[in-house]
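Keeping their order, the protein sequence lines are chains A and B.
Going by the numbering used here, the first sequence opens with residue 1, and the numbers climb by one from there.
Going by the numbering used here, the second sequence opens with residue 1, and the numbers climb by one from there.
For the record, the hints were derived by calculation from the structure and aren't laboratory data.
Take these hints with a grain of salt, some might be off.
Sample of chain A residues with no beta-carbon within 10 Å of chain B, all distances over it, derived [as the list claims (entries may be wrong)]:
#, residue
1, Met13
2, Gly14
3, Lys18
4, His26
5, Met27
6, Lys41
7, Pro43
8, Ser55
9, Ser72
10, Asn75
11, Asp85
Computed list of lysine-lysine pairs in BS3-like fashion (alpha-carbon distance at most 25 Å, straight line) [said to hold, decoys possible]:
#, chain 1, residue 1, chain 2, residue 2
12, B, Lys99, A, Lys53
13, B, Lys49, A, Lys41
14, A, Lys36, B, Lys49
15, B, Lys99, A, Lys38
16, A, Lys53, A, Lys22
17, B, Lys78, A, Lys19
18, A, Lys40, B, Lys69
19, A, Lys40, B, Lys78
20, B, Lys78, A, Lys36
Incomplete in silico selection of chain B near chain A, CB under 8 Å [unchecked claim]:
#, residue
21, Glu15
22, Gln42
23, Leu46
24, Ile68
25, Lys71
26, Tyr98
27, Ala104
Bear in mind the structure is a predicted one, so any value in this text is a computation, not a measurement.
Beta carbons are placed, not taken as given, at the ideal position from N, Cα and C, and that holds for glycine.
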Amino acid sequence: DTEVTQTPKHLVMGMTNKKSLKCEQHMGHRAMYWYKQKAKKPPELMFVYSYEKLSINESVPSRFSPECPNSSLLNLHLHALQPEDSALYLCASSPTGGETGYTFGSGTRLTVV
Amino acid sequence: AQSVSQHNHHVILSEAASLELGCNYSYGGTVNLFWYVQYPGQHLQLLLKYFSGDPLVKGIKGFEAEFIKSKFSFNLRKPSVQWSDTAEYFCAAPPNDYKLSFGAGTTVTVRA
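Okay, chain A solo, but in the shape it has when bound (with noise of 0.2 Å):
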């Protein structure tokens, strides 16, 4: 298995709701990325979890609340989101550091109303 699994592929919200993107690796990656992407823009790093701990928090709105229950799963969990936040939400997997690159999972494409 050599795929980045995110589900949903598209998430429309409220405002008000709380709601969450799933994320799931078997490849025995020991680091796990979630970024952001606009339209026609690169990745922007939200959080890094490395060994199932947190090991970076690029500045990101307490909205935005990752959780790594295991090696293989890394969540992230959304509560009363901006209109701002719409974009495609981009969960990745590296062995460790991402010397050898990345994996990219498909998105979750988020839409806030």
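Guided by the hints, dock chain B onto chain A, whose structure is given.
Then chain B, alone, in the frame of chain A:
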């Protein structure tokens, strides 16, 4: 820390034309470089990567890139493009504490 810059923002060309996309990197010790492609509505895919050794790197889908240390460049090339090569292309620098630094991206439009 490594960083990269891409100077071509939008490239339009016809099928069978040759493609070259520029990427320059800043010096920061060990040089590892990547090219990713994102087809419309799809996820990022790794095209090729350079760590060391042969400066001419072959990737998937007929792409190649040449690492030129004296020019701090890692340009992506394809001799003959197809309509299906229409995509966004990102050059990326190696992780610094896990951070992968992306260039601004180049939109490539191939006309049939």
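These are the hints, each one checked on the structure:
1. Here Met13(A) stays apart from chain B, with its beta-carbon at least about 20 Å from theirs, past the 10 Å limit.
2. A cut-off of 10 Å between C-beta atoms confirms that Gly14(A) is not in contact with chain B; the least separation is 24 Å.
3. For Lys18(A), the shortest C-beta to C-beta distance to chain B comes to about 26 Å, beyond the 10 Å cut-off, and the non-interface label holds.
4. With 10 Å as the threshold on Cβ separation, the claim that His26(A) sits away from chain B holds: the shortest Cβ distance comes to roughly 17 Å.
5. Residue placement check: Met27(A) keeps its beta carbon more than 10 Å from all beta carbons of chain B (closest about 13 Å).
6. Not every Cβ of chain B is farther than 10 Å from the Cβ of Lys41(A); the closest lies at roughly 7 Å, contradicting the non-interface assignment.
7. A Cβ of chain B approaches the Cβ of Pro43(A) within 10 Å, the least distance being about 6 Å, so the stated non-interface status is violated.
8. With a cut of 10 Å on Cβ distances, Ser55(A) falls inside the contact zone with chain B, its closest approach being about 7 Å.
9. Every C-beta of chain B lies more than 10 Å from that of Ser72(A), the closest at about 18 Å, which supports listing it as non-interface.
10. At roughly 18 Å from the closest C-beta of chain B, the C-beta of Asn75(A) stays outside 10 Å, upholding its exclusion from the interface.
11. Its beta-carbon lying about 20 Å from the closest one in chain B, Asp85(A) satisfies the requirement of being farther than 10 Å from that chain.
12. For the hint pairing Lys99(B) with Lys53(A), the CA-to-CA distance comes to about 15 Å; that is within 25 Å, so the pair holds.
13. Only pairs whose Cα atoms come within 25 Å are accepted, and Lys49(B) paired with Lys41(A) is accepted, the gap being roughly 21 Å.
14. Pair hint Lys36(A) plus Lys49(B) holds up; C-alpha atoms about 23 Å apart against a cutoff of 25 Å.
15. Taking the CA atoms of Lys99(B) and Lys38(A), the gap is near 18 Å; set against the 25 Å cutoff, the hint holds.
16. With a C-alpha separation of about 17 Å, the suggested pair Lys53(A) and Lys22(A) falls inside the 25 Å cut-off, and the hint holds.
17. Straight-line distance between C-alpha atoms of Lys78(B) and Lys19(A) comes to about 42 Å, which puts the hinted pair past the 25 Å bound.
18. For a cut-off of 25 Å, the pair hint linking Lys40(A) to Lys69(B) is broken: about 29 Å separates their Cα positions.
19. Note on Lys40(A) and Lys78(B): the hinted pairing holds, with a Cα-Cα distance of about 22 Å set against a maximum of 25 Å.
20. A threshold of 25 Å between alpha carbons decides the hint, and for Lys78(B) with Lys36(A) the separation of about 29 Å lies outside it, so the pair is violated.
21. Of the supplied interface hints, the one on Glu15(B) is violated, with its beta-carbon coming no nearer than about 23 Å to a beta-carbon of chain A, more than 8 Å.
22. A hinted interface residue such as Gln42(B) counts as satisfied when its beta carbon comes closer than 8 Å to some beta carbon of chain A; here the least separation is about 7 Å, so the hint holds.
23. A least Cβ separation of about 5 Å between Leu46(B) and chain A falls short of the 8 Å threshold, and the interface hint therefore holds.
24. Interface restraint check for Ile68(B): the shortest CB-CB distance to chain A comes to about 21 Å, outside 8 Å, so the restraint is violated.
25. A distance limit of 8 Å between C-beta atoms decides the matter here; for Lys71(B) the minimum to chain A is near 22 Å, and the interface restraint is violated.
26. Taken as an interface hint, Tyr98(B) checks out: its beta carbon lies about 5 Å from the nearest beta carbon of chain A, inside 8 Å.
27. The interface hint given for Ala104(B) is met, as the beta carbon of that residue sits about 6 Å from the closest beta carbon of chain A, less than 8 Å.
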